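Protein sequences, first through last, are from chains A and B. If you use numbering that gives the first Met the number 0, the first sequence corresponds to residues 0 to 155, in order. If you use numbering that gives the first Met the number 0, the second sequence corresponds to residues 0 to 245, in order.
For the record, the hints were derived by calculation from the structure and aren't laboratory data. Careful, some of the hints might be misleading.
Think about it this way: if two alpha-carbon atoms lie no more than 30 Å apart in a straight line, the pair counts; the simulated DSSO-like pairs of lysine-lysine are [what the hints assert, rightly or not]: (1) B/K115 - B/K48; (2) B/K156 - B/K86; (3) B/K84 - B/K151; (4) B/K189 - B/K86; (5) A/K3 - B/K189; (6) A/K5 - B/K238; (7) B/K238 - B/K151; (8) B/K174 - B/K189; (9) B/K86 - A/K3; (10) B/K86 - A/K5; (11) B/K156 - A/K5; (12) A/K3 - B/K48; (13) B/K48 - B/K189; (14) B/K156 - B/K6; (15) B/K86 - B/K6; (16) A/K3 - B/K156; (17) B/K151 - B/K86; (18) B/K174 - B/K238; (19) B/K156 - B/K84; (20) B/K6 - B/K151; (21) B/K115 - B/K6; (22) B/K189 - A/K5; (23) B/K238 - B/K84; (24) A/K5 - B/K151; (25) B/K174 - B/K48; (26) B/K6 - B/K238; (27) B/K115 - B/K174; (28) A/K3 - B/K6.
These figures come from a predicted structure and were not determined experimentally.
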Amino acid sequence: MHPKRKQRLWVVLAIVVLSSTAIGLVAYALRGNINLFYPPVEVVAGSAPVDRPIRVGGMVVEGSVVRSETDLNTRFDVTDYEGTVTVSYTGILPDLFSEGEGVVASGTLDASGLFTATEVLAKHDENYMPPEVAAALEGKSAPSKDAPSYGGEGSY
Amino acid sequence: MWTIIHKMGSPPWFFRFAGTLIRWLLPAVVLLLVVGAVWGLLYAPPDYKQGNSYRIIFIHVPAAVVALAGYYVMAIAGAMSLIWKIKMADTAMRAVAPVGAALTFVALVTGAIWGKPTWGTWWVWDARITSMLILLFLYLGVLALFEAYENKAVAAKACAVLSLVGTVNIPIIYKSVDWWYSLHQPASIKFTGQSAIDASMLYPLLLMILAFYSLFAVAVLLNMRADLLQQHRNSAWLKEQLLEGN
């Protein structure tokens with residue numbers, strides 16, 4: 000390779016490596032702040048700030064959802080299977096909110112460990128499958144006959 | 000290998016080559032898009048949890064995948080432009096930027112449309128979505144920077160440096176959902192092991208990704224040809240090729 004070109008190749012490599020290192024270090028320094036939410040285990044351990052707007056994310060514990068009979072308040076437990084936080088929320092929950100599903104709640108934590116949410120978002124997981132497959136995985140019977148059938152069923 | 004690069008750098012050769020390639024690729028793009036869209040939007044089964052709203056995946060994921068891959072095309076063209084001073088590499092870099100920006104924009108908009116019913120919000124500042132927004136600004140930045148200079152050789156140099164610096168964002172976008180807690184779910188298509196998406200949905204999705212890759216190639220080649228037309232509007236070879244009907 001022509002020496003001039005070789006030199007320019009090194010310049011190009013230096014640009015990529017140096018800028019990657021710089022941004023990598025920034026990302027490393029900010030790693031806590033890039034996280035969208037705190038997992039319950041960190042809230043339980045006390046590393047989440049109290050009385051400041053934060054987000055908490057995890058799975059809604061099965062059987063923990065208690066809906067108020069007089070207003071729109073809902074209480075539920077959020078877990079990452081290592082710690083559990085109780086969330087209280089007044090408002091309309093997203094359609095995909097249910098027990099055993101992921102959520103991200105924004106709000107504030109009080110000193111007693113209760114999290115009062117101002118917004119609850121449903122966190123969808125990466126699993127995509129037809130209802131028949133989901134039913135089969137859960138060991139339930141196949142969907143009823145009147146459920147529409149779709150092409151490509153032989154492929155799984 | 001070197002002869003191919005030399006040929007690629009020659010405007011008359013490339014103009015003809017791109018023309019031929021587009022003639023072959025364009026019908027393939029139309030076919031792939033129609034088959035993939037009909038299969039994905041009409042025949043693929045609904046999702047067990049999201050019902051039919053998940054079908055936006057057939058636009059969202061291909062657009063995002065090609066927007067990321069396209070950035071590397073732009074950055075490699077930038078590196079070639081810096082190292083070998085090939086004018087054709089400048090043309091390629093300039094041609095990728097608007098296509099990449101459009102794909103990134105499509106990925107962001109479809110994501111927002113899906114996010115509202117699924118998550119309950121149009122937008123959230125999580126690592127994946129924010130880094131994708133930065134990608135849009137990088138593409139737009141290259142586009143704007145190219146227009147900012149009167150001297151196109153200087154413009155290409157500046158754009159090449161910007162696109163090389165920006166490459167750091169691509170692995171960040173790709174791994175953001177694994178490195179940090181984000182609202183966006185991790186990847187469903189896995190290169191190793193079982194994908195988290197059922198085969199009946201995966202095949203049309205892969206077809207759509209292929210369709211978007213070809214669409215990207217056609218759009219970039221068309222852009223490059225348009226740019227060459229402008230650059231060489233007074234050349235004899237261009238007049239000759241156009242008279243041939245190329």
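Tested hints:
About 15 Å separates the Cα atoms of B/K115 and B/K48, which keeps this hinted pair within 30 Å; it holds. Among the hinted pairs, B/K156 with B/K86 is consistent with the structure: their alpha-carbon atoms are about 11 Å apart, no more than 30 Å. With a C-alpha separation of about 12 Å, the suggested pairing of B/K84 with B/K151 holds against the 30 Å cut-off. Straight-line distance between C-alpha atoms of B/K189 and B/K86 comes to about 38 Å, which puts the hinted pair past the 30 Å bound.
Only pairs whose Cα atoms come within 30 Å are accepted, and A/K3 paired with B/K189 is rejected, the gap being roughly 42 Å. Pair hint A/K5 plus B/K238 does not hold up; C-alpha atoms about 38 Å apart against a cutoff of 30 Å. Note on B/K238 and B/K151: the hinted pairing holds, with a Cα-Cα distance of about 24 Å set against a maximum of 30 Å. A threshold of 30 Å between alpha carbons decides the hint, and for B/K174 with B/K189 the separation of about 13 Å falls inside it, so the pair holds.
Note on B/K86 and A/K3: the hinted pairing holds, with a Cα-Cα distance of about 17 Å set against a maximum of 30 Å. For the suggested pair B/K86 and A/K5, the alpha carbons sit about 18 Å apart, so the restraint of at most 30 Å is met. In summary, the hint linking B/K156 to A/K5 is supported, as the alpha carbons are separated by about 17 Å, within the 30 Å threshold. The hinted pair formed by A/K3 and B/K48 fails the criterion: a straight-line CA distance of about 59 Å is larger than 30 Å.
The hinted pair formed by B/K48 and B/K189 meets the criterion: a straight-line CA distance of about 21 Å does not exceed 30 Å. Our distance criterion of 30 Å between C-alpha atoms is met by B/K156 and B/K6, whose separation comes to about 22 Å. With a C-alpha separation of about 12 Å, the suggested pairing of B/K86 with B/K6 holds against the 30 Å cut-off. Between A/K3 and B/K156, the direct Cα distance comes to roughly 16 Å. Compliance with the 30 Å bound is thereby established for this hinted pair.
Under the criterion of a C-alpha separation no larger than 30 Å, the hint pairing B/K151 with B/K86 is consistent with the structure, at around 10 Å. Taken as a hint, the B/K174 and B/K238 pair is broken in the structure, with Cα atoms around 49 Å apart against an allowance of 30 Å. Only pairs whose Cα atoms come within 30 Å are accepted, and B/K156 paired with B/K84 is accepted, the gap being roughly 9 Å. For the hint pairing B/K6 with B/K151, the CA-to-CA distance comes to about 22 Å; that is within 30 Å, so the pair holds.
Taking the CA atoms of B/K115 and B/K6, the gap is about 49 Å. The hint is violated against a cut of 30 Å. The hinted pair formed by B/K189 and A/K5 fails the criterion: a straight-line CA distance of about 38 Å is larger than 30 Å. Between B/K238 and B/K84 the alpha-carbon distance is near 26 Å, which keeps this suggested pair within the 30 Å criterion. In summary, the hint linking A/K5 to B/K151 is supported, as the alpha carbons are separated by about 23 Å, within the 30 Å threshold.
For the given pair, B/K174 sits about 25 Å from B/K48 by alpha-carbon distance, which is consistent with the 30 Å threshold. At roughly 20 Å between alpha-carbon atoms, B/K6 and B/K238 fall within 30 Å of each other, so this suggested pair holds. Straight-line distance between C-alpha atoms of B/K115 and B/K174 comes to about 23 Å, which keeps the hinted pair within the 30 Å bound. Between A/K3 and B/K6 the CA atoms are separated by roughly 22 Å; this keeps the pair inside 30 Å, and the hint holds.
Violated hints, listed in ascending order, are 4, 5, 6, 12, 18, 21 and 22; each of the other numbered hints is respected by the structure.
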